[in-house]
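What follows is each chain in one-letter form.
Number of protein chains: 2
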Amino acid sequence: MTPNPKTARVTKIPDVVVDRLPLYARCLALLHSRGQEVVSSTELAKLSRVTPAQIRKDLSYFGRFGKQGRGYNVAKLLQELWRILGLERQWRMALVGVGRIGRAILEYGGFASQGFHIAHAFDVDHSVVGQELGSVTIRHASELEQRLLKEPVDIGIVAVPALEAQTVVDILVRCGVKSILNYAPMCPRRPSDVQLRQIDPVLALQGMTFHLKNKKGPTKKH
Amino acid sequence: MTPNPKTARVTKIPDVVVDRLPLYARCLALLHSRGQEVVSSTELAKLSRVTPAQIRKDLSYFGRFGKQGRGYNVAKLLQELWRILGLERQWRMALVGVGRIGRAILEYGGFASQGFHIAHAFDVDHSVVGQELGSVTIRHASELEQRLLKEPVDIGIVAVPALEAQTVVDILVRCGVKSILNYAPMCPRRPSDVQLRQIDPVLALQGMTFHLKNKKGPTKKH
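Heads up: the protein sequence lines correspond to chains A and B, in order.
The opening position of the first sequence corresponds to residue -7 in the working numbering, with each subsequent residue numbered one higher.
The opening position of the second sequence corresponds to residue -7 in the working numbering, with each subsequent residue numbered one higher.
If you're looking for bench data, these hints aren't it; they were derived computationally from the structure.
Please note: incorrect hints may appear among the correct ones.
The list makes no distinction among identical chains, and a pair is therefore deemed to hold if it is satisfied within one copy or across any two copies.
[Claimed, not checked] Result set (DMTMM-like, lysine to aspartate or glutamate): computed pairs, CA atoms no more than 25 angstroms apart in a straight line: (1) Lys68 with Glu35; (2) Lys49 with Asp192; (3) Lys142 with Asp185; (4) Lys68 with Glu80; (5) Lys205 with Asp7; (6) Lys68 with Asp7; (7) Lys49 with Glu29; (8) Lys49 with Asp11; (9) Lys38 with Glu72; (10) Lys205 with Glu80; (11) Lys207 with Asp7; (12) Lys38 with Asp50; (13) Lys142 with Asp117; (14) Lys205 with Asp50; (15) Lys38 with Asp7; (16) Lys205 with Glu35; (17) Lys38 with Asp11; (18) Lys68 with Glu135; (19) Lys205 with Glu143; (20) Lys4 with Asp50; (21) Lys49 with Asp7; (22) Lys68 with Asp11; (23) Lys205 with Glu29; (24) Lys142 with Asp7; (25) Lys207 with Asp185; (26) Lys4 with Glu80; (27) Lys68 with Asp117; (28) Lys205 with Asp11.
Please construct the entire structure, taking both the sequences and the accompanying hints into account.
Okay, structure coming up:
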C-alpha cells in the first residue's frame, strides 16, 4: 500500500464510505477462506453489490491498494481494512434489555467471534436478573450507571421498549459511551459526538414496499 | 399537494431517498400522536437527524408539500408518505428459519401493527414444525416452494444460518418473491429485480469502530 495524504484526515471520510468497508471486508474474508489470493474490483463488486468504480473510489480514501489491471491482494487488503476499521482488537459492549431480542443477541455467537464482547447485560425484570446467559450474568438495570462508570464499555446495545429507550441512551451517554446500537423502534436524541446505528426491520420493510407497490407481480394478493 | 411531473418517473428516485421516507413517516407519526398539526423542516430535521435541506430535497421528488415558511401539515404529509410507500395496505410475508431470531420475529408485535403480516413460517427442525407461534403454524422447510406457489407472498424473511441462506433465497426467487429481508450474515446472489435488505448488527458495529478507533475516550479498555 502506498501511503496517501488523505489518511491524515480520516474524519472527513463520508459515513456511507465507512459503512461499505465492513461489507468489502466480509466479501474478502469469504474469498480468503476459499484460498483465493487476488481479486479484481469487478469480482469484488459482484460479491458486494457495489459498482467497481465505487469500490475503487471508496478504497482510494485510504491509500492506493492493488495495481492497475492486476487486482487486489486479498489477504493484504483484508488486513488493511481490518486495521482501518479497528477490528484487530476487542471491543467491550453493554446490553440493556434482555427480552426476546436481547436474549437472541446474548446467545448469538457472531459478535464475540468478530471481536465484540458483551461485558454486561441489564434488565428491569427481576425474574431474569441473576441469570447467566452467554458469557454474562444479567444485572438489574438500576445498576447500569454505577457499573459502567466503574467498568466502562465502548459500545451500548439498546434492546428495551421504545418508551424506555431515551432514558437508557441518556445514561449510556453520561457513562461516556460513544457508540450505540439501537434496536428500539425510535430515534433517540444524543450529542453529536455519539454515533448511533439503528437496527430496524420495519424501516427496512417500509423502504422495500415503495418498490413493490410500483411493480406488478404475480405474488401480490390484496 | 401540487402534482409534480417527477412523480411520473418514480423508478428514478435514488434508493437513499426512498430509505429516508419511512424515517420521516415515523417522526411524523410521533408528532401526530402528540396532537401536533404543523411541523417545520427544521423540527423534522432534529427528530430524524437529517438536515432540513435534505428533507426538503427528498420530499421535492414527490411533489410540493407545505408552503414556504409555514411548515408541513403533519397529518397530510404523513398520509402522503404512507401512500407513496404503499403502507396503507397489508403485505404478506413468509419467514424461513425459526431459530432464536426467527422466534423473536414471530413474537414481535411491531410487524403486524405496521401492515406486515407473517402468513407462513418454515423450519427444518422437526421439533418446532407444527408449533403455533404468533399467528402461524410452523411448517417444514421442504414445503416452502410448493406452499408459496399456491399462496404467494410479497416479502420473504430469511433467518437461517449463513450456509443455508443462498438456497432459501433461490427458492424465494423461484416463487416470485421480489423483496427479501435477510438476517443471515452473508450477501446472497439474486436477480437485479429482487431487492434485498440486510439486517446485520455486526456490519453496523464494524462501521462504528472506525470512528471509535479515531477518538480518544475514557471508556476504552484494552
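Using 25 angstroms as the alpha-carbon threshold, which applies to lysine 142 and aspartate 185: within, between, both, or neither? Within one copy only: 22 angstroms inside, 51 angstroms across.
When no copy is named, should lysine 4 and glutamate 80 be tagged within, between, both, or neither for a Cα gap of at most 25 angstroms? within (22 angstroms within a copy, 40 angstroms between copies)
Give the relationship of lysine 38 and aspartate 11 under a CA distance limit of 25 angstroms: within one copy only, between copies only, both, or neither. So lysine 38 and aspartate 11 pass the 25 angstroms test inside a copy (18 angstroms) and across (22 angstroms) alike.
Quick one: lysine 142 to aspartate 117, C-alpha cut-off 25 angstroms, is that within a copy, between copies, both, or neither? within (23 angstroms within a copy, 44 angstroms between copies)
Within, between, both or neither, where lysine 38 and glutamate 72 count as close if Cα-Cα is 25 angstroms or less: within (21 angstroms within a copy, 36 angstroms between copies)
Intra- versus inter-subunit Cα pairing at 25 angstroms for lysine 68 with aspartate 11: Within one copy only: 20 angstroms inside a chain, 34 angstroms across chains, cut-off 25 angstroms.
Regarding lysine 38 and aspartate 50, is the shortest C-alpha distance of 25 angstroms or less found within a copy, between copies, in both, or in neither? Classified as within: same-chain Cα gap 16 angstroms, cross-chain 29 angstroms, threshold 25 angstroms.
Between lysine 49 and aspartate 11, at a C-alpha cutoff of 25 angstroms, which is it: within one copy, between copies, both, or neither? For lysine 49 and aspartate 11, both the intra-copy (14 angstroms) and inter-copy (23 angstroms) Cα distances are at most 25 angstroms.
Tell me, please, which holds for lysine 142 and aspartate 7 at an alpha-carbon limit of 25 angstroms: within, between, both or neither? neither (31 angstroms within a copy, 43 angstroms between copies)
When no copy is named, should lysine 205 and glutamate 35 be tagged within, between, both, or neither for a Cα gap of at most 25 angstroms? neither (32 angstroms within a copy, 29 angstroms between copies)
Homomeric proximity label, lysine 205 with aspartate 11: Cα distance no greater than 25 angstroms: Answer is between: at 15 angstroms across copies they meet the 25 angstroms cutoff, but 28 angstroms inside does not.
Tell me, please, which holds for lysine 49 and glutamate 29 at an alpha-carbon limit of 25 angstroms: within, between, both or neither? This pair counts as within: shortest intra-copy Cα distance 22 angstroms, inter-copy 44 angstroms.
Figure legend: structure checked against the earlier numbered hints; hints not met, in rising order: 16, 18, 23, 24, 27.
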